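Visitor: Sequence:
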Amino acid sequence: MDIAVPRRSNRLPGVTMAGFRQRLPAPVDIAMVAHPMVTVLIDLSEGEGIVSESHGRRERGSVVIGLMPGELRAGGRVGECLQIRLEPDVAAAVLDASPDLNGTMAPLADVWGRDAERFEDRLRATASWDERFGIAAEVVGRRIHARTPVAPEVAHSWRRTLTSRGRIPVDSLADEVGWDRKRLWSRFRSQLGISPKRAMRLVRFDNAAHLLAAGHPAAGVAAECGYADQSHLNREVKAFTGHTPSAVAVAPWLAIDDVAWPASSGRAHERSA
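At position 187 of the sequence shown (counting the first as 1) the number is 187 in the numbering used here, and the numbers step up by one without a gap.
Be aware that a few hints might be false.
[Claimed, not checked] Label-pair ranges, simulated between beta-carbon atoms:
(1) A219 with G61: 39 to 45 Å
(2) P217 with R124: 42 to 48 Å
(3) P107 with G141: 18 to 24 Å
(4) D258 with D110: 40 to 46 Å
(5) A247 with R165: 21 to 27 Å
Just so you know, the hints here were simulated from the structure itself, not pulled from any lab data. If you're wondering where the values come from, they're calculated on a predicted model, not measured in any experiment. Cβ coordinates follow ideal geometry from the N, Cα and C atoms, glycine included.
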């Protein structure tokens, strides 16, 4: 699989992108591991294209997937897709009707509006990933700036959830923004589609999953991520994925994260995995 990542000039706050090109003799199924971003998957392939499955729902072509995705299948001998990950507060501004962030999936046109087809056509008109990333940054950036953002208190609470790796108490978040717990819970849930507590659990799980994929033992991961014990970690991993920590540690989706979603700008512009 060939993976391309954008240059720094095409990066937006709360938005990450990666391009994928695969040459396969037959379709393949890849289990997506839950992560704290809304996924916009734009199908640029020919022929069968991409089939996405989540909680028994099946869609072909470009889709938007919430925070609890199901199975992703890329079909055909040559397949290309652009994946855009949006933090929930950004997704709330970019999408016309944000999907339930607890896991539903919708065709791109349903949540992007009438510009979805034009956006896809512009991306397909060029084979250059640099140009595709530039187009995506332009379109997403324009939507961000043209729309009403979530409340500053909600955006701050989301950022603190991320920076604390899901370990800050909800009461502390409420105190930081000057709201009571009930108001924070209500506004956070209505604007981001997920409760503060579930967001905490998801961010903590995401941190744990990447540590497991990096080869850290489950007992150590449980302690580092703030779980009560290894059994607590096991239950959370099972709840989010249906699998054990050892199975999540070797998930193909996590294996490419270091390439597709580099933590620093110093990574190579395009590499193969």
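Visitor: Which hints from the list above does the structure break, by number from lowest to highest?
Guide: 4
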